[in-house]
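Asks: Numbered according to my numbering, the sequence shown spans residues 91 to 378.
One thing to keep in mind: the hints can contain errors.
List time: in silico EDC-like cross-link candidates among lysine to aspartate or glutamate, alpha-carbon distance up to 20 Å [what the hints assert, rightly or not]:
| hint | residue 1 | residue 2 |
| --- | --- | --- |
| 1 | K222 | D269 |
| 2 | K222 | D146 |
| 3 | K316 | E160 |
| 4 | K236 | D148 |
| 5 | K361 | D346 |
| 6 | K316 | D305 |
| 7 | K236 | D346 |
| 8 | K222 | D240 |
| 9 | K236 | D191 |
| 10 | K222 | D305 |
| 11 | K236 | E160 |
| 12 | K361 | D349 |
| 13 | K236 | E112 |
| 14 | K316 | D101 |
| 15 | K316 | D332 |
| 16 | K316 | E112 |
| 17 | K222 | D191 |
| 18 | K236 | D297 |
| 19 | K236 | E255 |
| 20 | K236 | D269 |
| 21 | K222 | E255 |
Keep in mind that the hints were calculated from the coordinates and are not lab data.
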Amino acid sequence: MTADLLDTLIDSQALRIAPPGEVFWYTSGTLGPYYVNTHYLFGGPDAAEELLTFIDSDSRAVDFHAQLSERISLRLDSDAAFRRVIDALVAAVRARPGAGDLDWISGGERRDWFFSLPVAMRMDLPHLYVYKDGGTFLPDGGAGLKAVDDLSGRRTAHITDLVTEASSYAGVWIPSIRDRGGEMLISANVIDRAQGGMDVIDRAGVDALALLRVDAELFGDLLQRKMIDAQQHAVLLDYFGDPTGAMKRFLEATPDFLDGALASADERTAKRARMLVDNDPYSLGLSG
């Protein structure tokens, strides 16, 4: 599945690698050589952002479950690439110890639901919605959801789009289930950004897996398949080993990059460049 998933990530723009000699601006005013938007696996940027907008506006609506289920079902039926990702998640969950004892499939607000709900559908299990405020809800048998505060003795596999440092797992997803008497047996993630999150989940006593890990091996696969060139590969490896140092070296070697961003007509780029200057995350002496 890894090769197929990699193709799908690139084709859907869920994984974007910066062009040679360039890097991306992140929302935080920092830099990096790649973007991961796992939810773009849901038919590409336009379809994914449309679904995200719907979730943002309707997640508390009385018919939310029915509306989201319909959208997910249509995508599963019409999109072979998305279906392969979901089927790979289902196979990965079913291969783990205890999978036969699961009562639910759970997912956290918002992007997790792109993947957790279709996994629940494929496994013929109820979907447990976990909201950012820690609320847990199940389908009410109709179009909507009902709050569930007692999960005693129930077991779930939690599906997410992406794990970075697992702060949401530690702060919301795991406590929301355990504090109600339930147990998260399995954590199945589409992508692991290799930033320590999988270890956090393991230490919490949850069996964690990911379909793909963003690491040196992945970058080597991209180079071998001619999806990137040697210059991009070198930047990716440098960033993987030392994100702060790599971007500091990039800025020192290409001072025109920051100057161009500060003067950019694109307000979003200019704003992020100003954040970098003000916060000076790479200790370049810019804020003085």
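Asks: Can you confirm whether the C-alpha distance between K236 and D346 stays at or below 20 Å?
Replies: violated, 55 Å
Asks: K316 and D101: Cα distance at most 20 Å?
Replies: Cα-Cα ~14 Å, so holds.
Asks: Can the restraint linking K316 and E160 be considered satisfied, given a maximum Cα separation of 20 Å?
Replies: Since the Cα atoms of K316 and E160 sit roughly 38 Å apart, the hinted pair is violated (cutoff 20 Å).
Asks: Does the structure keep K222 and D269 at a Cα separation of 20 Å or less?
Replies: OK: K222 and D269 at ~15 Å, within 20 Å.
Asks: Against the 20 Å threshold, does the CA-CA distance of K316 and D305 hold or violate the hint?
Replies: Within the cut-off at roughly 17 Å; holds.
Asks: Within 20 Å, alpha carbon to alpha carbon, are K236 and D297?
Replies: violated, 28 Å
Asks: Next pair to validate is K316 with D332; report whether the Cα-Cα distance is within 20 Å.
Replies: Violated, because 24 Å separates the two Cα atoms, which is more than 20 Å.
Asks: Is K236 within 20 Å of E255, Cα to Cα?
Replies: violated, 31 Å
Asks: Next pair to validate is K236 with D191; report whether the Cα-Cα distance is within 20 Å.
Replies: Measuring from Cα to Cα gives roughly 23 Å; hence the hint is violated.
Asks: Between K222 and E255, is the straight-line Cα distance small enough, at 20 Å or below?
Replies: holds, 17 Å
Asks: Is it true that the CA of K361 sits at most 20 Å from the CA of D346?
Replies: holds, 17 Å
Asks: Would you mind confirming whether the straight-line C-alpha gap from K222 to D191 stays at or under 20 Å?
Replies: The hint is violated at about 26 Å.
Figure legend: structure checked against the earlier numbered hints; hints not met, in rising order: 3, 7, 9, 10, 13, 15, 17, 18, 19.
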